[in-house]
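J.: Sequence:
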Amino acid sequence: MSSELARLAARVAVLEKQLSRTTRTARMAFSSIEAGAIEVYDQDGTLRGSMGLQDDGTVGFIAHNGPPPPTPTAPTVEPTLSGLTITWPGTWTDAETAPLDLAEVQVHIAATADAEPDTARPMAAFHTTVGGSVTVGLDTYDTVWVRLIAVNTSGTAGEPSTAVSGQARKAVPDDLVNAIIDETKLARGAVTDAALALGAVNSTALADGAVLAAKLAANSVTLGKLANGAVTLSALGGALADSTSQRLIDAMGEAAAWQTTAQGTGATWSHLSGVTDAPTGQTVGEAHGFIRLRGTTLVPYEPGVLYRISARVRATAQLATAPDLFYVGALGVGADKSTLVNRTGANSPNSHYYVAASGRSLPTTDGWVTVVGYLKDRAATGSAGTNNDPRAPGAVHDSVRYITPYLWLNYSSESVSGSTSVMQVDAVAIEALKTGIVDATNLVSGSVTAAALAADSVIAGKIAADSVTGREIAANSVTASEIAAASISTDKLIVAGGTNVLSDPSFEGAYTAAIAKNEWSVVSGGNGSAKALRVDATATTATTRALTLTSLPILSGDQLYLAIDANASSDWTGGALKYYARWLDGTGATLGWGVAQIDAPNRGTWQRLAATVTAPANTTAATIWVESYTGTAGSVLWDNAVVRPLLTGVQIADGAITAPKLLAGSVTAEKIAALAITAEKIAALAVTTDKLNALSVTADKIAVNAITATKIAAGAVEATHIKSGAITAEKLDADAINGKTINGAVIIGSTLQTAASGQRVVISPGNATAETGSIEFYSGSADEAAPAELNTAIAYGSQGSVNYEIPSVSLTAPQVSGTTQETGLFLQGDTPGYSGAVFNLYANETSGKGVAYINGYGADTSDAGSSIELYVRDAPTASAASFAKLTSSGFSVSGVLKAGNIATGRVAITPSAANTPTSVTITGLNVKGSTFRAVATPSTSVPGTSVTGVGVTNVSATGLTVWLTRTNTTSTSVDWMVIGS
5 MSSELARLAA
15 RVAVLEKQLS
25 RTTRTARMAF
35 SSIEAGAIEV
45 YDQDGTLRGS
55 MGLQDDGTVG
65 FIAHNGPPPP
75 TPTAPTVEPT
85 LSGLTITWPG
95 TWTDAETAPL
105 DLAEVQVHIA
115 ATADAEPDTA
125 RPMAAFHTTV
135 GGSVTVGLDT
145 YDTVWVRLIA
155 VNTSGTAGEP
165 STAVSGQARK
175 AVPDDLVNAI
185 IDETKLARGA
195 VTDAALALGA
205 VNSTALADGA
215 VLAAKLAANS
225 VTLGKLANGA
235 VTLSALGGAL
245 ADSTSQRLID
255 AMGEAAAWQT
265 TAQGTGATWS
275 HLSGVTDAPT
285 GQTVGEAHGF
295 IRLRGTTLVP
305 YEPGVLYRIS
315 ARVRATAQLA
325 TAPDLFYVGA
335 LGVGADKSTL
345 VNRTGANSPN
355 SHYYVAASGR
365 SLPTTDGWVT
375 VVGYLKDRAA
385 TGSAGTNNDP
395 RAPGAVHDSV
405 RYITPYLWLN
415 YSSESVSGST
425 SVMQVDAVAI
435 EALKTGIVDA
445 TNLVSGSVTA
455 AALAADSVIA
465 GKIAADSVTG
475 REIAANSVTA
485 SEIAAASIST
495 DKLIVAGGTN
505 VLSDPSFEGA
515 YTAAIAKNEW
525 SVVSGGNGSA
535 KALRVDATAT
545 TATTRALTLT
555 SLPILSGDQL
565 YLAIDANASS
575 DWTGGALKYY
585 ARWLDGTGAT
595 LGWGVAQIDA
605 PNRGTWQRLA
615 ATVTAPANTT
625 AATIWVESYT
635 GTAGSVLWDN
645 AVVRPLLTGV
655 QIADGAITAP
665 KLLAGSVTAE
675 KIAALAITAE
685 KIAALAVTTD
695 KLNALSVTAD
705 KIAVNAITAT
715 KIAAGAVEAT
725 HIKSGAITAE
735 KLDADAINGK
745 TINGAVIIGS
755 TLQTAASGQR
765 VVISPGNATA
775 ETGSIEFYSG
785 SADEAAPAEL
795 NTAIAYGSQG
805 SVNYEIPSVS
815 LTAPQVSGTT
825 QETGLFLQGD
835 TPGYSGAVFN
845 LYANETSGKG
855 VAYINGYGAD
865 TSDAGSSIEL
875 YVRDAPTASA
885 ASFAKLTSSG
895 FSVSGVLKAG
905 NIATGRVAIT
915 PSAANTPTSV
925 TITGLNVKGS
935 TFRAVATPST
945 SVPGTSVTGV
955 GVTNVSATGL
965 TVWLTRTNTT
975 STSVDWMVIG
985 S
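Residue numbers (this note's numbering): 5 to 985.
Don't read these hints as lab results, they were simulated from the structure. Watch out, some of these pointers could steer you wrong.
To be verified - Here are the computed distance ranges between Cβ atoms for each label pair:
no.	residue 1	residue 2	range
1	Ala546	Leu815	25 to 31 angstroms
2	Ser355	Gly285	28 to 34 angstroms
3	His68	Gln22	57 to 63 angstroms
4	Gly422	Ser886	57 to 63 angstroms
5	Ser871	Glu38	46 to 52 angstroms
6	Thr101	Ser871	38 to 44 angstroms
As the list claims (entries may be wrong) - Heads up, simulated EDC-like pairs for lysine to aspartate or glutamate below, C-alpha to C-alpha not over 16 angstroms straight-line:
no.	residue 1	residue 2
7	Lys521	Glu100
8	Lys889	Glu20
9	Lys174	Asp143
10	Lys341	Glu306
11	Lys902	Asp864
12	Lys521	Asp540
13	Lys853	Glu826
14	Lys535	Asp508
15	Lys535	Asp562
16	Lys341	Asp402
17	Lys174	Glu38
18	Lys853	Asp878
19	Lys21	Glu826
20	Lys889	Glu873
21	Lys853	Glu20
22	Lys521	Glu873
23	Lys21	Asp540
From the three backbone atoms N, C-alpha and C, an ideal C-beta is built for every residue, glycine too.
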């Protein structure tokens, strides 16, 4: 019997552990589907989808019987040569947004306006929710009617759009191709001087080599006469000769620039135009399913040159199981311009140089993602990638002489027939990062005049050594404003490098109209312009609303000048107005932010937000955002945005700025970059009090250890020279703040504790996991092995294809030395769609200790009931245990149920004589209640014959009288029970 009890106790212990795990994990966390599929039905019992192995042997999630999609708005139809250009803006007549199961919006053309579209035979289709434009050829010039109809992934079609008429255009003389009339159509001498119109002989009319040098007038070939791509490598001399092929940028507007080298079954590659949210040129390359492609332009690979390879990619649809993967890098090519050279030197399309992205996951929620990688030099074995840091570039194989862009899109779909994954490419670039490529041999004498130079555009890093001589500079073109001795004043020390990188800084173009959605819009009335960008900050709770304006590649240490005009409405309520750069590393992870902001803006008036921000270590890209922070009411207008790269001191040769180049008094505090003046730059005793403006020396102007005793005249630094707030934490010695009170401050990013040891409270992020945080309570006891701890955490679960974040909080008791038993409280909030609320009060088993816990579960749906569970087990392991559970259907107990209002027992009664009632009084009870009832029954096999009667009298909280009547005097056991109520 004891072995049976031991096995039963062990089984209960196993079930206890399993039950504890199931309360904290996903319901199907350890489940699988074997040779079948899970079918999904709606509340009416209609099949809506199946996940798993399908009838044709493929695996995935297939939609069935989806609801009809909404009706697209009527398209815009424009005539084109022998066809129509059809544009759809991506909007709907009866819905705000596209349904999640949208497959495509079909284009149908019919001879009548009321013809019903046949979804099996569309003329064309839009495959993205943002719409676009397609051109369809026609075999008639009669009026036709265009209608759009949406089809979802289960094949269900919605209602067709309103029909719009259109008519193909016939060819006119302007449509004729240049030079269509060749020499076989012309009689000898037919083309005379009189027959030639002014300007009739253009580039297409001239045979190769027909224009000789003698035919060209002096200085006749100007910038406006050169077509794009007309100047080839052989036409240039000097350092320019190797620069033409050193910057390849493709905005996906030309299909011939790319060659597909591999694709999955049913996969397609196409070029789309009119994609309004494409940041570069509103043209993209689109891959449906797995596509591998290379560029057709070869870039000569020069050792010693740093090459930057970048691409901007997004996913518009992904697999049901997980986001798809992509690769971006360079394809190596040999000296014959055709043989491939991979990392090991083999002629293979595999194992090339994926320096920008290698097997990177791309969810649709990430939007446009910019990846950047670097190559430099050759090696016996090339680099696989990624190489996102220019300080650690990859290398190609020794046999590589040319490179070209190389993309693998939707890589996980390589063996998936008809994959649903869709990726778009906005731009791809290969750039040689070189300086000094313009030298004296490329400049015509006198060609560089003052008017040809943009203000501050010529800096030291852009001019090759000794390349600009007096012969190349027009007379009187270099004046004090162009760098003469003593002419470099304060406005020349910080130079804005290049133009504003924003394509629509005043928010008046099609690009802003395309990205301004939901609470963002374009409205009339900018700050000196016709329009402004507006955000509605109205919300029931404090809500931050931000909009991405653009993205750009940038390196660690590079600086951006950010500025924008903002106008908060008179009723705007919020925490701050922000304009900032979000710094990203090569994997797309956020490194930090560079922010221009106003915490308390003036309502109803325009004001300028501006800041110079610096990219931190490991930065490869930045995204630019405008934001209303924690707003609840009102609106904000934005206008005249600026994002301009700054050329910092690294662009000026060391020692180039000497004392004679500086005007007296021209270097003021606001012209000195943070940490720019270090100790070795200051002559001994050069900084005296008369050189310092009051409050001009702030903390950000002083490099660490820059100002030594020899640099400061005696008594030079007085109280008026130290700006309020200039002495920051890094300027203070350790323990400098001692016994001081900090009032009204928010301390971020540190571990806080009330004492270094002993009794203390410690507040910290918890551990390396970002989703945890803790407060630890140390008692100071020498026997304490672990403190009491309050923890918050976020767990992750999934149910089907849906992922959930599950927040919780737990409180654990302190532990003393010699034991690892845990006591605590665990609370988990309701997670809609995944799990109801949970609480757990426990003393867990460890090292043979006893167990006691109370579990509570609040049901979140009708599929599962609420319950409270109680469990105890004695020590050691496998000792006696008991379990009780309360649900809406009742209360169950696994062990012996004891209650204070119930008393039971057995008494033996020997009749005093046959057929004579005999009683026994039972005392000493303590039954709870105010009203008492009792029952009794004989333990006999002859009831009604030998035992003729049993009864009870005098029932009370403390006892009762039990009666027995028999036909003889045999002693008989009688079982009794008293119940109080």
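J.: Does the alpha-carbon distance linking lysine 535 and aspartate 562 stay inside the 16 angstroms limit?
T.: With Cα atoms ~32 angstroms apart, lysine 535 and aspartate 562 exceed 16 angstroms; violated.
J.: Starting from lysine 341, check that the Cα of aspartate 402 is at most 16 angstroms away, please.
T.: Measuring from Cα to Cα gives roughly 15 angstroms; hence the hint holds.
J.: Can you confirm whether the C-alpha distance between lysine 521 and glutamate 100 stays at or below 16 angstroms?
T.: Distance ~11 angstroms between lysine 521 and glutamate 100 Cα, so the pair holds.
J.: For the pair we were handed, lysine 889 and glutamate 873, check the Cα-Cα distance against 16 angstroms.
T.: Holds, at roughly 4 angstroms.
J.: Is lysine 341 within 16 angstroms of glutamate 306, Cα to Cα?
T.: holds (15 angstroms)
J.: Do threonine 101 and serine 871 keep their Cβ atoms within the hinted range of 38 to 44 angstroms?
T.: holds (40 angstroms)
J.: Keeping to a limit of 16 angstroms between CA atoms, is the pair of lysine 902 and aspartate 864 held or broken?
T.: violated (33 angstroms)
J.: Compare the distance between the alpha carbons of lysine 521 and glutamate 873 with 16 angstroms, and conclude whether the hinted pair is satisfied.
T.: At roughly 50 angstroms apart (the allowed maximum being 16 angstroms), glutamate 873 and lysine 521 break the hint.
J.: Would the pair lysine 889 and glutamate 20 pass a check requiring their Cα atoms to be no farther apart than 16 angstroms?
T.: At roughly 13 angstroms apart (the allowed maximum being 16 angstroms), glutamate 20 and lysine 889 satisfy the hint.
J.: When you take the CB atoms of histidine 68 and glutamine 22, is the distance between them in 57 to 63 angstroms?
T.: violated (36 angstroms)
J.: Taking 16 angstroms as the top limit, are the C-alpha atoms of lysine 21 and aspartate 540 close enough?
T.: Violated, at about 52 angstroms.
J.: So the hint says 25 to 31 angstroms: do the beta-carbon atoms of alanine 546 and leucine 815 match that?
T.: This hint holds: roughly 29 angstroms between Cβ atoms.
In this structure, the earlier hints numbered 3, 5, 11, 15, 17, 22, 23 are contradicted, and the remaining ones agree with it.
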